[in-house]
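Peer 1: Residue numbers for the sequence shown follow my numbering, beginning at 1 and rising by one.
The hints are simulated quantities; they were obtained by calculation from the structure and are not laboratory data.
It is possible that part of the hints are untrue.
Claimed, not checked - The list that follows gives simulated cross-link-like pairs (lysine-lysine, DSS-like), each with its CA atoms no further than 27 Å apart:
1. K228 <-> K281
2. K18 <-> K158
3. K264 <-> K228
4. K281 <-> K14
5. K121 <-> K7
6. K264 <-> K103
7. K281 <-> K7
8. K240 <-> K90
9. K40 <-> K2
10. K66 <-> K264
11. K40 <-> K152
12. K206 <-> K18
13. K121 <-> K66
14. K90 <-> K14
15. K206 <-> K264
16. K40 <-> K264
17. K66 <-> K2
18. K281 <-> K121
19. K103 <-> K121
20. K264 <-> K240
21. K2 <-> K18
22. K264 <-> K14
23. K240 <-> K152
24. K121 <-> K152
25. K103 <-> K66
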Amino acid sequence: MKEIELKNEMLTIKVAEKGAELQSIQDESGREYLWQADPKFWGRHSPILFPIVCSVNDETYVVDGKEYHLPRHGFARDCDFTLISQTPEKVTFALHESEETLKVYPYHFNLAITYRLEGNKVHVIWHVENTDTQEIHFQIGGHPAFNIPGGKTEGIIKLDNEEPLDGLRSYADGSHDMVDVPVEADMGIIEFNNNFWRNDSVKIHKSQTRRAMLMDTNGEPAVTVDYKTPVCAFWSPFDKHAPFVCIEPWFGIGDPRGWQGEFKDKPLMNHLQPGASFMSKYTITIG
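Full structure from sequences and hints, please.
Peer 2: Dropping the structure here:
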């Protein structure tokens, strides 16, 4: 699997062409911050979620009355992207429709993923372009996994909103309802351990947060993720006592339990007219 390395005076990152997936984030001392995909716990680093986030019910969805099938989080994370451009501190990969993708997602598109280094920051930039003759519908999200400081299986995430927060009601099988439940947070502080993940991921919606900080053992930020997405989810595999946590900015959400309807009418769906494009990003800050 071919990897591209970017480096500045503070960080070194590696990105694979497969899935345009971030593989490593190391500081100048060589300390690794990104989860290294031990399959005993979870065999990925930071997959790109496209054209869906989470799942469609029974891996089936409907466009203009016709059924299509997609696995959890879509297909982009398993596709080979094309290297478009590279400088010492910036790289862009792209993916467009193919005979295979059209079987499961009936739209023409260009998806570009850019990683840019700036000091101790990694900017992850998403760009979706509608190259079809019809309106297209999609979701997109990030799924970066970070090593918990101290090699522990519990830790602290500090959010930028100290008010009581609403999350979606989630279940152990990964499904959810579009029903609000209180997030287990105190003044924006989430103290997580294995039991915190008993109902799978914690999904904070309604754009209630813009920043999540994974704190180190001294109470200082080890990793900060900034985002402008309607949803940010937090996840680690329940009952595996894994030494990582995912901080996931999402433009989208999976099908609620019992959802039936056209793909375009799903909750938190994004729409693009022919020739239009969508661009957003999230930023990972180390230290």
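Peer 1: Next, verify each hint and record whether it holds.
Peer 2: Against the structure, the hints:
no. : hint          : result
1   : K228 <-> K281 : holds (8 Å)
2   : K18 <-> K158  : violated (32 Å)
3   : K264 <-> K228 : holds (22 Å)
4   : K281 <-> K14  : holds (18 Å)
5   : K121 <-> K7   : holds (11 Å)
6   : K264 <-> K103 : holds (17 Å)
7   : K281 <-> K7   : holds (20 Å)
8   : K240 <-> K90  : violated (35 Å)
9   : K40 <-> K2    : holds (23 Å)
10  : K66 <-> K264  : holds (13 Å)
11  : K40 <-> K152  : holds (16 Å)
12  : K206 <-> K18  : violated (32 Å)
13  : K121 <-> K66  : violated (43 Å)
14  : K90 <-> K14   : holds (11 Å)
15  : K206 <-> K264 : holds (19 Å)
16  : K40 <-> K264  : violated (37 Å)
17  : K66 <-> K2    : violated (37 Å)
18  : K281 <-> K121 : holds (12 Å)
19  : K103 <-> K121 : violated (38 Å)
20  : K264 <-> K240 : violated (36 Å)
21  : K2 <-> K18    : holds (8 Å)
22  : K264 <-> K14  : violated (35 Å)
23  : K240 <-> K152 : holds (12 Å)
24  : K121 <-> K152 : holds (24 Å)
25  : K103 <-> K66  : holds (11 Å)
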